[in-house]
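A.B. asks: Line by line, the protein sequences give chains A and B. Residue numbers for the first sequence follow the numbering used here, beginning at 1 and rising by one. Residue numbers for the second sequence follow the numbering used here, beginning at 1001 and rising by one.
Simulated from the structure, these hints should not be mistaken for lab results. The C-beta atom is built at its ideal place from N, Cα and C for all residues, glycine as well. It is possible that part of the hints are untrue.
[Said to hold, decoys possible] Pair by pair, the computed Cβ-Cβ distance ranges are:
| # | chain 1 | residue 1 | chain 2 | residue 2 | range |
| --- | --- | --- | --- | --- | --- |
| 1 | A | Val186 | B | Val1069 | 42 to 48 Å |
| 2 | B | Arg1051 | A | Phe148 | 37 to 43 Å |
| 3 | A | Asp176 | B | Arg1051 | 21 to 27 Å |
| 4 | B | Glu1021 | A | Val186 | 34 to 40 Å |
| 5 | A | Ala228 | B | Pro1062 | 44 to 50 Å |
| 6 | A | Pro274 | B | Gly1040 | 49 to 55 Å |
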Amino acid sequence: VAIPVAADVDDDRALGMSLVEQAGFEGFDAGTITDSWRQQPGSPVYCTDLTAEEMPGALGKAIGERSPKRRDLAMHVIAELMGDPTSELGKDFLVRVNRRGRLRAQAVRQAGGTPVVVANGAEGEPASGKDRVLDPVPVVVTVAPEAFIAGEESAVVAAVSGRPAVPADKLLRITDSGVGGAPTLVQNVETLAHLALIARHGPVWFRAAGTGAEPGTFLATVGGAVGAPGVLEAGYGVRLGDLIDAAGGATTPLQAVLLGGYHGGWVPARPGLPAEVRRLAALVTGRGACRHPDGTARLVTSTMRTFEADVAAHLAGRCLAAESGTERVHR
Amino acid sequence: MSTVRLHVDWTACDGRGLCAELLPELLTEDDWGYPAARTGEAEPAVPAELRDSARRAVARCPALALRLVQR
């Protein structure tokens, strides 16, 4: 691990470097005091475990006009995390802050910046000047067709690789061989949105919603026989009745509700039922739930119609998981 | 130390059921008629004594969805 040392007098710098080396690190000659802004908080070398070989490149990446802003943000984030007794503060805490991009995500957001560069296929040169963002890694946005199966991980890999966005046989795991044969991680947008907020507000904030076993919130698309169908955010464990009320209430007496979309199952429409995967699993796998409605069951039939139309439109016999889901609902 | 395993291409499998009939020692059918390993594994290991039966099941799959892989 190299530590940059700056001084105007060579002897002073040599003394500083020797102290660093006695402490077990490697001293790096970072030039004069005038240049030392490149190693201040928020800069690419600050609180990292870079080697002496990596040091010149990282110092060269510091951007003068952004430094004061990044320094202030860095100090703010560090103070916030240090002041939070639930933060995991190990000996490599500051390194983690810089490395894991917590700082970057936060700095981008606070600077009112857009957290992605849309390079749209272009490689190499990140955007310059005012449009430049703090993360030097170029981001390419690929738009996939709006189809249910296009979100399946091998379909995502195919879309990014320029092939039709349909699932493929996973002879090799995507995490071993995905885009261009490289190990690939496919993330859910909702997960990333959660991560950004956890980075910003911390784990205690996240756990304030939901239940002990299933902390946090989820996005629920509520449709069918409700007054105001739409997407709602709710904590896990929310009562089914509260969720339906939030979507404008039931427009007809409900007997059963389909949970979990394509892969889900029917549960009896009991308002007190908690939307918690762990507890609902038993009910759903029973599969008796969807046979339960023997009267009007309008939610069931209307959802069923939408559901089948959707599946027929998107599926075209290409996704087994969704097919079994449909068949399972039929039973 | 690799093992011969039975891999199902789920994008090709149509749940015709031949494999479960030809390899009852390894496979059963799930609620929808699709093959499921008795062990619950995604890719069940094929023991040496079942290798020939497994090869026949691979060759006879009408959807060509089966193959033996070394893992």
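A.B. asks: State for each hint whether it applies.
C.D. replies: Now the hints, each set against the structure:
Distance hint check: the CB atoms of A/Val186 and B/Val1069 are about 22 Å apart, inconsistent with the given range 42 to 48 Å. Between B/Arg1051 and A/Phe148, the C-beta spacing of about 38 Å keeps the proposed range 37 to 43 Å intact. For A/Asp176 and B/Arg1051, the hinted distance range of 21 to 27 Å is satisfied, since their beta carbons lie about 25 Å from each other. At roughly 35 Å, the beta-carbon separation of B/Glu1021 and A/Val186 lies within the given 34 to 40 Å, and the hint holds.
One distance hint, 44 to 50 Å for the beta-carbon pair A/Ala228 and B/Pro1062, holds here, with the actual separation near 48 Å. Evaluation of the 49 to 55 Å hint for A/Pro274 and B/Gly1040 yields a failure: the beta carbon distance comes to about 29 Å.
Violation of the numbered hints given earlier is confined to hints 1, 6; the remaining hints are satisfied by the structure.
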